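Work the whole structure out from these sequences, hints included.
Chains as they are written, first to last, in my numbering: chain A, 1 to 567; chain B, 568 to 994; chain C, 995 to 1108.
None of these hints come from the bench; they were simulated from the model. If you're wondering where the values come from, they're calculated on a predicted model, not measured in any experiment. Glycine included, every Cβ here is placed at the ideal spot set by N, Cα and C. Careful: at least some of the hints might be erroneous.
No farther apart than 30 angstroms at their CA atoms in a straight line, the calculated lysine-lysine pairs in the DSSO-like style are these [claimed, not checked]:
1. 131/A <-> 1073/C
2. 161/A <-> 1074/C
3. 36/A <-> 1091/C
4. 739/B <-> 783/B
5. 739/B <-> 634/B
6. 161/A <-> 182/A
7. 161/A <-> 1073/C
8. 448/A <-> 1066/C
Which residues of chain C face chain B? A few of them, derived with a C-beta cut under 8 angstroms, are [said to hold, decoys possible]:
9. 1032
10. 1035
11. 1036
12. 1039
13. 1043
14. 1058
Computed footprint of chain A on chain C; a stretch qualifies when at least three of its residues, placed anywhere within it, have a C-beta under 8 angstroms from a C-beta of chain A [to be verified]:
15. 1061 to 1073
16. 1083 to 1089
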Amino acid sequence: MLLTGAMVVIVLRLFFLQVIQHDHYVALATEEQVKKLVIPASRGTVYALDGDTPVPLVMNQQVYTLFADPMVVDEPTQVAQVVRDIAGGNLVVDNIEQNLTDGKKQKSMYRVLAKNVTLRQAELIKDKDLKGIGFQRVSKRVYPEGAMAAQTLGFVNNEGKGQYGIEQQLNDRLTGTDGILKSVTDVANVPLSIGKDNIRQEPVNGDNLVLTIDRNIQAKAQEALLAGLQRSGATHGSVLVMDPATGKVLALADFPTYSPADFTNVQDEQVFRNIATTEPYEPGSVLKTFTIATGIDKGVIDANSTFYNTDKIKVEDRTITNALKGVTGTITMQSALNNSLNTGMVTIAQRLGDGERINKTSRDTIYEYFHNRLGLGERTGVEIANEQKGILISPEEEQGNAVRYSNMAFGQGLNVTMMQVASGFSAIINGGTYHSPTVLAGTYDGGKLKPENNSTARPNVISPGASAKAKEMIHQARVGYTNTDTPGYYIGGKTGTSQTLENGEYINSQTVGTYLGFGGTDAEAKYVIMVQVSGKNMNLEGNKHAMPIFTDLSNWMLGYYQLQPRA
Amino acid sequence: MRDSLRQVRTSAQGLVRRHNPDHRIMMYTLILVIVGLIIIFAIGPQRANVLNESFGSNLSGMYFVIKQGTSVMIAVVSFFVFAYLLKVDVLLRHKAIILSIGIAACALLALLGNLVHVEAITQCALGACRWFVLPGIGTFQPAEFLKFGILIFLGGFLASRMRAGLINDTEKTIIPAAVLMGVAALFVIVLQKDLGTGIAMFAIVISMFVVSGVKKQLGVILLAVLLAAGLLMIITAPHRIDRVTTFLKGDEASIDDPSGYHIAHAKIAIGSGGIDGVGIGNSVQAAGYLPEAINDSVFAILGETFGFIGLVFILAMFYLLLLRILRLVDRLEKPEYRLIVAGVFGWIASHVVINVAAMTGLMPLTGITLPFLSFGGTSMLFIAAALGVVFQISRYTVHTQIKEDADEGTRSRRGVGRPRYASRRSR
Amino acid sequence: MSYTRTATYAARRQQSWGRNQNTARFVSPVKLGPVMHTILVALMILVLGLIYLTQASGSASYDYQASDLDRKINELATKKADLEVENARLSSLESVKNSDVAKAMTQPSTEYVR
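Laid out in structure tokens, this is it:
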């Protein structure tokens, strides 16, 4: 009877549990058995080019963070010994033993001992069967080329978000989409195929990007910049190398620089910034090439047009003078460019108007060429984060008066980036087609480069004839310095030395030296190089301090491209 | 062979001819054993992988079913040995030796495990040493042997007291039995900290006393003492208090509560099985969620796999088996036989009821195996041996109920008033 | 095993399984006792169970194999990536320039085509 009663009670209980409360327990079971796991998409890698071959600049590596649970570790001495032997270079604490005993006193359960331990090291340590030691897998960005193109690349912060450069700008493309695994798992989270509603959505990895940056040119640009800065004692400098025929950026070097792998150790955030795209400045006389090109295309001047130079010229209530004095009298525009005479440029601006004044017509024309056609004062759209557009005041504004435009004619009174200037300059010397600059050549997928065209072309911003004439004038402007160039090539360039503004006032004690030039064969310019050097309270000049860097790099480029010199 | 063995035995009550044994006992047992093999086959891979995962062992998916199969083979052999070869009377004659071996084995284990700490051949956990490790063979739990020893010894002992009419004699019967049980409890409950096995042991003894016709007052006193002792056991061990408080919380007990984890997951497993279960091989709770999924908690896994229908079937098998055993008690003349069969009834019934009730949240949790279904060799070996003895004894039934027993009456009564030896086979 | 009908009407208690059935009886020439019956029934259940099991139970162990393979794939992928990184490091400009081979080279002239 007792037994029958017990059986009846049990069966009733089972009926209650299994039939009446079935749904409740299924819900409880589902809650603990079904897990939603994220399958992380791997971040896209970044390649540079070596000629036409992509070479890795940024890669991913699975590394391990080695941590200890001081409450579980029973032999701190042995642990310290093993960890120091195998992962000595990765330690983040100096005295492991001390750290572990301290941790035990503080009842800590988690102490990081070493970071960035490789799989091999981790396996070696695991083989020792130490108690209380664990590993946490993290994906890390590694940079086989070290600090190369750091300001172009940017870095990935500890939350996995791209910061600066293309890492920030193309973060979405690089990130990809994480996959989802919703599955019944065992207690150790091993997915089981038992459930009916298991979902597995594969991750979509981020794009592997190939930059237009050529690692050889980039390395040489960095080297030339560093050498030039050492010669001049300047503390800051940037070099931009561009293919004028396509708008592809071949090198972008900034100094001071940093190693993206060690971004956490950087004190001054300034070094993260890509100077050529994010720091507009007054480039000074190099913009005279733009004024010349505008004048030629409008037909108001050519190389041999003359004007009467008195080393000063009056615009409204201001008098504009030349930096170099004494080349007075009736001189050619070529001479004005060669000697970087401001009066010549103001004269062109006047001739774009009624010949006497820089009237609205003249200002509209200059704005049309500088801004609309050659892209000054507008973002170029290059794939680098935080690009600035600078300031180019339109003639419609009150500030856009004759004085402003007379200054702009020789490169003052505006704020533009090196990227804008180099792109516009490329259009001037390449036959008149403006290519928006790009650093992205395409993607690397399955061992193949899939090209992408991220540059838009704006043809005939100046006529091919005007382009040829302007190019020749710029070439002539360099003739005085050609003894340093490899003979047999067609090279041209223009210096610029600009005062800096401090509290709205130009100060003479601090000048930025700029050089903007091109090089190649008689038939075609193969590269445009823009160099900028600066330093706090330093007078740096275009011809003395920036140009040698151009010359060094230019000569190297001729060899690198193996261009045929004229006979 | 059967004919050659046929013989006539005499007993105190008279002549009972040996006849065919009760094959249903064997049938229900075999069905349960097969269900046990199936469930272990089904969750073996999960268990093996959980162990591989956490202990770095390298067990194959078939490891558990092969081991259980071996245990079943050994158990079958032991069943047939005790059913056909070893005569009950011979066992009874050597009852003191059998009991002594059981106690000695427990004493040796306590000595080696708790005092000398010979870890090579003992297996201890949290100060409780329950197993001998026999290198190359497996583990052996001497408490199970002790159960069997107590069964045989008390069967003989109480029967002799019954014959002498001294069953209610405190000095001659109760005190020796109490001393014996005290010694057994010392080893099993105190030293091995195995309350489940201890309870089963007492269930055997209580069943025997009930059948022996002990006075009601004495029985009540004995029960009261046992209850008090049981309460003491619970109060002295913190984990038992936890289990009782968890039990008292009932279905509201939280899953996150560590002491409630086991029972909560047993209920999840049973509950999520529903009416027809999730099917063989689809148990998820066996994949590490439910502790002891293959041993003590196998009932919950059965519930998950086979559902309400499956569990009712399994319970029906146990119920029919137990009724069959109980039926024997009523039809045996020899007190020794009656007592032993009653003891086996108590043995199996206590295991089944305590295990199932604990798994369904009807009783506090104690570690006790579910006969034939739980993974584990020693338990099965001795239950099979005990059933073998019962099977052998089932040859000596008569058709009348020997005694009108108010406590343990069964409804499966047959009104045939002749001794069964009258039956004769003609083949 | 074939059953033949015999004319014998046996007493009801001759059969241990079916008492109270005083009806025609088929006697098999092959004598199967209750033990054999029990074992045969049990074996049949066992065989049926095993057939079912081989269909149903295989998947669980594959999950762990799959999980294990996944882990191995990940490990090998990590190793491959490590080697690629190592390769990239060794063929980076910096290491190439500083290699012994590079140091032994002379500076190239850009005037080779003159």
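Structure-based check of each hint:
no.: 1; hint: 131/A <-> 1073/C; in the structure: 26 angstroms, holds
no.: 2; hint: 161/A <-> 1074/C; in the structure: 25 angstroms, holds
no.: 3; hint: 36/A <-> 1091/C; in the structure: 49 angstroms, violated
no.: 4; hint: 739/B <-> 783/B; in the structure: 18 angstroms, holds
no.: 5; hint: 739/B <-> 634/B; in the structure: 45 angstroms, violated
no.: 6; hint: 161/A <-> 182/A; in the structure: 25 angstroms, holds
no.: 7; hint: 161/A <-> 1073/C; in the structure: 25 angstroms, holds
no.: 8; hint: 448/A <-> 1066/C; in the structure: 27 angstroms, holds
no.: 9; hint: 1032; in the structure: 4 angstroms, holds
no.: 10; hint: 1035; in the structure: 7 angstroms, holds
no.: 11; hint: 1036; in the structure: 4 angstroms, holds
no.: 12; hint: 1039; in the structure: 6 angstroms, holds
no.: 13; hint: 1043; in the structure: 5 angstroms, holds
no.: 14; hint: 1058; in the structure: 4 angstroms, holds
no.: 15; hint: 1061 to 1073; in the structure: holds (count 4)
no.: 16; hint: 1083 to 1089; in the structure: holds (count 5)
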